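> These are the residues of each chain, in order.
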Amino acid sequence: MTLPIQDPSLAAEGLGVPPRRAGFLLSVLRERKAAVIGLAIIAFFVLLALIAPLISPYSATAQTCKVYAPPSASHWLGCDDGGIDMLSELMQGGRTSLVVGFAATVVAIVIGGGVGIVSGYFSGWADTALMRVTDYLLVIPDLVFALVIADIWGPSLFHVIIVIGILEWASTARIIRAQVMSLKERVYIKRAKAIGAGHTRIITRHILPQVGPLLMANTVLTVAIAIYLETALAFLGLEDPTVTTWGTILEHAFERTAISSGAWWAIVPDGFVIAIVIVGCFLLGQAIEDALNPRLKAAHLSVRRWRIRPLAGRGPDAI
Amino acid sequence: MRGADYVIKRGFFALVTIFVAITINFFLFRVLPGNAVTDLSRVPHASPALRHALLTEFGLDKPKWEQYLIYLNNLAHGNMGISFANQQPVSHLLLADLKNTIPMVTLGTVAAIVLGVFTGVLSAWRRGSARDHVSTNLAISAYAFPTQWLGLMLLILFAGTLPAGGMSDPFLFTAEPFWQHLADVGKHMILPAVTLMLTTYGSFTLVTRSSMLETLGEDYILTARAKGLPARRIVWRHAVRNALLPVVTLIALELGFIVGGAVLVEVIFSWPGIGLAMYSAIGQRDYPMLQGGFLILTVSVILLNFLADLFYFRLDPRITA
Amino acid sequence: MKTHFGAWARALLAATATVTVVAACGGGSGGGSQGSSTVKEGGVFRMGTSSTIDSLNPFIAFQSDAYTTFEYIYPTLVQYTPALKVVPNFARSWKTSPDGRTWTFSLVPNARWSDGKPLTAADAAWTFTTIQKFADGATANSAGYVAHMKSATAPNATTLVLSYSQPVANVLSQVQQVPIMPQHIWAQYATGNGKALKTFQNNAPIVSGGPFILTKYTPKQVALFKKNPTFYGPKPHIDGFGLQFFQTTDAEITALKSGQLDGVEVPVAPTSVATLKNAHFMVRSSPGDSFDDFIINSAPDQQASHKELLNPLLRQAFDHAIDRTTIVSTSLLGHGQPGSTIIPPATGAWSDPSIKPTQFSLDTAGQLLDQAGYKMGPNNLRIANGHPMSYTVIMPSDLAGEYGNRSFQIIQSDFKKIGVQLNLKVLDPSAAYDALTANNYRNFEISMWDWYPLTDPDFMLSVLTCNSFDVWNDTGYCDKAYDKLYSDQSAAIQPSQRQQVVYQMQQMIAAAKPYLVIDYPDAIEAQSSKWSPLPEVGGGGFNSMSIIPMSTVHQL
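Chains as they are written, first to last, in this note's numbering: chain F, 1 to 319; chain Y, 320 to 640; chain A, 641 to 1196.
Source of the hints: derived by calculation from the structure; they are not laboratory data. Misleading hints may appear alongside valid ones.
[As the list claims (entries may be wrong)] Think about it this way: if two alpha-carbon atoms lie no more than 20 Å apart in a straight line, the pair counts; the simulated EDC-like pairs of lysine to aspartate or glutamate are:
hint: 1; chain 1: A; residue 1: LYS866; chain 2: Y; residue 2: ASP488
hint: 2; chain 1: Y; residue 1: LYS328; chain 2: F; residue 2: ASP127
hint: 3; chain 1: A; residue 1: LYS835; chain 2: Y; residue 2: ASP488
hint: 4; chain 1: A; residue 1: LYS1056; chain 2: A; residue 2: GLU948
hint: 5; chain 1: F; residue 1: LYS66; chain 2: A; residue 2: GLU948
[What the hints assert, rightly or not] Derived coverage of chain Y by chain F (criterion: at least 3 residues anywhere in the stretch with Cβ under 8 Å from a Cβ of chain F; other residues may be distant):
hint: 6; stretch: 425 to 434
hint: 7; stretch: 595 to 601
hint: 8; stretch: 619 to 628
Please read these numbers as outputs of a predicted model, since none were measured by experiment. Using N, Cα and C, we set each Cβ at its ideal position, and we do this for glycine too.
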């Protein structure tokens, strides 16, 4: 699922010069309500994940009620097929899901950012080679590829994190690369080069700070995608079934006859929390992006993935 | 960039990516721990010789590079191998599966496009209003709910009234008359297609909306308004036409991924398509089916992207500058 | 999804070679008693399954539903009753020579295939001979059926003679599983090395000889069976039945509840039992012939890092630390029995009743470990041979996904109390098996898996033989004395004599404890109350053990 950037020429030219990072985020929050909502949602769930063991009403692994007990005063969200309190399970699941989401995102951003910067800055054959690789990754069907890799490596949380990271770095790389390439042409970079500043220095002092906000937007949106992909992979049985995540909760409900038993409470709340977190990430990420370039407000980045069309760019940027 | 240049370049790119896809496909599956033969040969009444016989039969005892060359050669002849699970030609099986998947996916996608464009246009038109907010947020939310969750919800709500699985009423000894059969399949197709629609339409809404917003800000729209044309006509006759360019390319891109995303829907509704086939093949370690299915899906995405490139190229004159 | 391993083995639930072989040498149809209630003729029984038919070729097929299909469309010599007695099917009677090496079957005369051609002993002889001929190649998956067979001949149209090179105790349970195939259709493929036998697709409509004809088969969707007018036995009441394939049991149950199906196959998840009963469906939960096990590496040359696992005191301790009652009530929701011997009691007389489930007692377990010299160390873990008692438990993903995880959690927390740490490692089934057999069984420590033993004890007993290394053995257990007993029982044609040896073997295993049998899950089925209850044969109303269920079921 993709949403192309509205005007490909914009991507090539690069985005407007953003202000310094810390002040930037605050100004975004100040100006856009959506960003505040998004950040609040994310913060809420992160906090919940952190204190879950303390406020969980019951154990998330031991049986505390009857199988598929409906919601009641003592168990607000009822119980699952093992007689485990749903609410506690959702809290526990949230911890793991968020960890997976963040971890996978870190992998994707580190690789993607790194590749994007190297590619955009150094150009030449390194650029061409890396872009070939990203082209392939961008084109193959996400879920099917993840299905295969996760199956090869076996059902485990660690593998799921790596798989999602591998799938998502390519789009980040593309976006960062485009901006780096345009930054490279800026006057102050050229001046720095003329003075004789080394590559590392230029990258760390000049390029990274400018790329920062875009990376931030990317990060937030990747978290949303990572959480989404995790639920899909878990649903297809490619995750360790002994671990509780929002994805495995849904998978267990499906496999263990929740629907035919009428136990809607094993399904409905889970979907809602996933959707809320993803929407939160989306709101925040999009708000940052909008702020980066008002003209880019038309280019809503997908909650699932986004890419710069290979078409993006004219002249030497075109592949 | 000159036109012909561009087409050739994109075409060449597509071909190379297809070849890379084929190669990586092959090696990816050979890295699997445990192998298909382990399962098949552990049959209580088999002789220990069975395992060896199966290995030889499937060519798994040859060195990898030799298997690879054989694979390439077969592929060139349209032979995708024999399924480990039931000894039938993979191409036949996948073709039959594809024939089941395509109608369902097409229905869902078309519905998603129609719904998405419609809601996007209305949102842009009434920008800032309550309708806009509700519509846009609804689109985002539907997008954010996991596909499988939407499917399960529909199952819960409609299990009694609509068929809960399968592609048609199975227990018919004599073939149905054509139209009745069509109606039967259609009834079974509703839930999976609606799931696909709900999970996909959000992206179309957002893109249409933003594209419309841009278009509506253009000068010629202002001129039309000044001339006194009714708003409705402006929106539908003029603005939409121009705003649809990104939507068109989005459609082409979405089609590629929707085929992959249909896996979830097919699993939930037992829809006998290519997604379900891949899902089953993985558990059975049916290498040829996996390779074939993966290849078909990847190649179709690559080709559709190529088409999208061409289409975009034709429609957007800025590219040719 | 089920593993092929489990599903296939389940398909081949063969009953015990009856203790009363002599009594079975009578005539009589294989049917159970007909209900005296109103028998409405006609109708189509719609069955749901979460398994599949992988192939209609008996030399390729692997899944249980394929075997059930063959059972209903191809004649078998004998079949089972719900009481697990061996009774006639295509063979009306049989006798054994005094030395036990020759079996003569007297077949139903004037039988026909559905295309009108004669169905005779020649077809039977051809089937057995062909399996034998290509047992190392094309027909390898059926090779076990003809073990020790010298020849299969048909002196006349209604007589089949099977000759063996040595007395074989379980001939009846082996031939029960062989579908007799139409020679006039298949013979053309049995040329050369027989490879063509495996490529013949045998598409529907199939020339059938059993009570039903497979008229239509759409892979992953449905298989339709029509009543066979030329069937040599008692005609079914129904016009036909259908088998619809579902991805999950949830989808099946939903279809059953909404009236799209008339019955669903084993297994029905315990969690569905309550809702189905409330909706007035007939739910049957019968003692199952499968068991869940806790495997302790028994390879004598296993890695030094866990060699203490061979200590009998350790094994006894572990046995006492498994809370079988809680596991049955939590994992199986009460639908099961605590486990004891490796031949499940539900399979009949071959199960040794003197072997009882071990008492759950953490105190006893602790004492035994103390006795073994494994003292408590830091972190509340005992030390054995200089290292903490911490072990990896390998579990296949399909078991973990069902209830294996819950059982493990119970065991894990109990073991913690006696100072032993267990860590779960979930792998997909073939990777799990590879992990067990790695380095000639030296590497693994513990595993939790399950077995669906064939009802004749021969198969389950063979699993623990040395010959079964890298085939079925998942324990590393290899004992010459045990192997000797195994070959004794396989040649003991006197049932009482065989039973003695089989009991002895069970006791040997119960003492050596390569397996700790945790429980015997019930077999649960459900069907609509508008039909007569499907007779249950060996744990299910629809399997490859008998044609009685579909032949006798009727609308009410």
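> The structure should be examined with respect to each hint, and the outcome stated for every one.
We went through each hint and held it up to the structure:
no.	hint	result
1	A/LYS866 to Y/ASP488	holds, 17 Å
2	Y/LYS328 to F/ASP127	holds, 17 Å
3	A/LYS835 to Y/ASP488	violated, 37 Å
4	A/LYS1056 to A/GLU948	holds, 18 Å
5	F/LYS66 to A/GLU948	violated, 40 Å
6	425 to 434	violated (count 0)
7	595 to 601	holds (count 3)
8	619 to 628	holds (count 4)
Violated hints, in rising order: 3, 5, 6; the structure is consistent with all others.
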